[in-house]
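Residue numbering for the sequence shown follows the working numbering, beginning at 1 and increasing consecutively.
To be clear, the hints were calculated from the coordinates, so they are not data collected in a lab.
Where a beta carbon is used, it is the ideal one built from N, C-alpha and C, also for glycine.
One should not assume that every hint holds.
DSS-like mimics (lysine-lysine), calculated; alpha carbons at most 30 Å apart, straight line [claimed, not checked]:
hint: 1; residue 1: LYS119; residue 2: LYS45
hint: 2; residue 1: LYS88; residue 2: LYS108
hint: 3; residue 1: LYS88; residue 2: LYS45
hint: 4; residue 1: LYS44; residue 2: LYS108
hint: 5; residue 1: LYS54; residue 2: LYS119
hint: 6; residue 1: LYS96; residue 2: LYS108
Just the calculated beta-carbon pair ranges, DEER-fashion [as the list claims (entries may be wrong)]:
hint: 7; residue 1: MET70; residue 2: ARG23; range: 42 to 52 Å
hint: 8; residue 1: ALA40; residue 2: THR104; range: 36 to 46 Å
hint: 9; residue 1: LEU86; residue 2: THR27; range: 24 to 34 Å
hint: 10; residue 1: ASN71; residue 2: GLU123; range: 37 to 47 Å
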Amino acid sequence: MAQNRQASRERIETAKIGFITNRLNLTSEQASTFWPVYNAYEDKKQQIRQSLRKLKSANTALTAPDDALMNNLKELMSLKQQEVDLEKEYLTKFLKVINPRQLTELYKTEQDFREELLKTLRERRTSPRNPN
1 MAQNRQASRE
11 RIETAKIGFI
21 TNRLNLTSEQ
31 ASTFWPVYNA
41 YEDKKQQIRQ
51 SLRKLKSANT
61 ALTAPDDALM
71 NNLKELMSLK
81 QQEVDLEKEY
91 LTKFLKVINP
101 RQLTELYKTE
111 QDFREELLKT
121 LRERRTSPRN
131 PN
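Construct all of the structure, not just a fragment, from the sequences and the given hints.
Following this line, the structure appears as structure tokens:
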């Protein structure tokens, strides 16, 4: 099961790389400098999101003391600020590698890719399984 999940993630990442490369129309020179920056950005973003998910799943009960609730709220705001700070930091880094038009397209392309992925997953769930 874990191997299937890992293989599935790798297929999705490969598709995402192709999708982004195609849509941004990266030159080979741009691609060689863009992907290390993008991968570092994605890794940092993933770490923050993982912390957010962990915090939300801990979900301090409303019956908890106010100070515990305040600590959770402060941690939530801190993580959201980290997301904003990361976006600002990488805006500068991306613009050293790609132009503003390509960066704007990157943000749009990431959203388009997520929508396509969700659409594909929904279609798989609703389509009858192939018995063969």
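| query | Does 37 to 47 Å hold as the CB distance between ASN71 and GLU123, or does it fail? | reply | 42 Å, holds
| Hey, LYS96 versus LYS108, does the alpha-carbon distance stay inside 30 Å? | Roughly 19 Å between the alpha carbons, so the hint for LYS96 and LYS108 holds.
| request: Measure nothing beyond the straight line between the CA atoms of LYS44 and LYS108; if it is 30 Å or shorter, mark the hint as holding. | output: Holds. LYS44 to LYS108 sits at ~20 Å (cutoff 30 Å).
| Is it true that ALA40 and THR104 lie within 36 to 46 Å of each other by Cβ? | 20 Å, violated
| query | Within a Cα-Cα threshold of 30 Å, do LYS88 and LYS45 meet the stated pairing? | reply | At roughly 12 Å apart (the allowed maximum being 30 Å), LYS45 and LYS88 satisfy the hint.
| query | Is it true that the CA of LYS54 sits at most 30 Å from the CA of LYS119? | reply | 26 Å, holds
| query | Within 42 to 52 Å or not, the Cβ separation of MET70 and ARG23? | reply | Roughly 43 Å apart at Cβ, these two residues keep to the hinted range, so it holds.
| field | Pairwise hint evaluation, LYS108 against LYS88, where the allowed Cα distance is 30 Å at most | value | Satisfied, since the Cα-Cα distance of roughly 17 Å is no more than 30 Å.
| request: Check the following: the C-beta atoms of LEU86 and THR27 are separated by a distance inside 24 to 34 Å. | output: For THR27 against LEU86, whose Cβ atoms are near 26 Å apart, the range 24 to 34 Å holds.
| task | Given the hint that LYS119 pairs with LYS45, test it: the Cα-Cα distance must not exceed 30 Å. | result | 23 Å, holds
Consistency note: the structure conflicts with earlier hint 8 alone.
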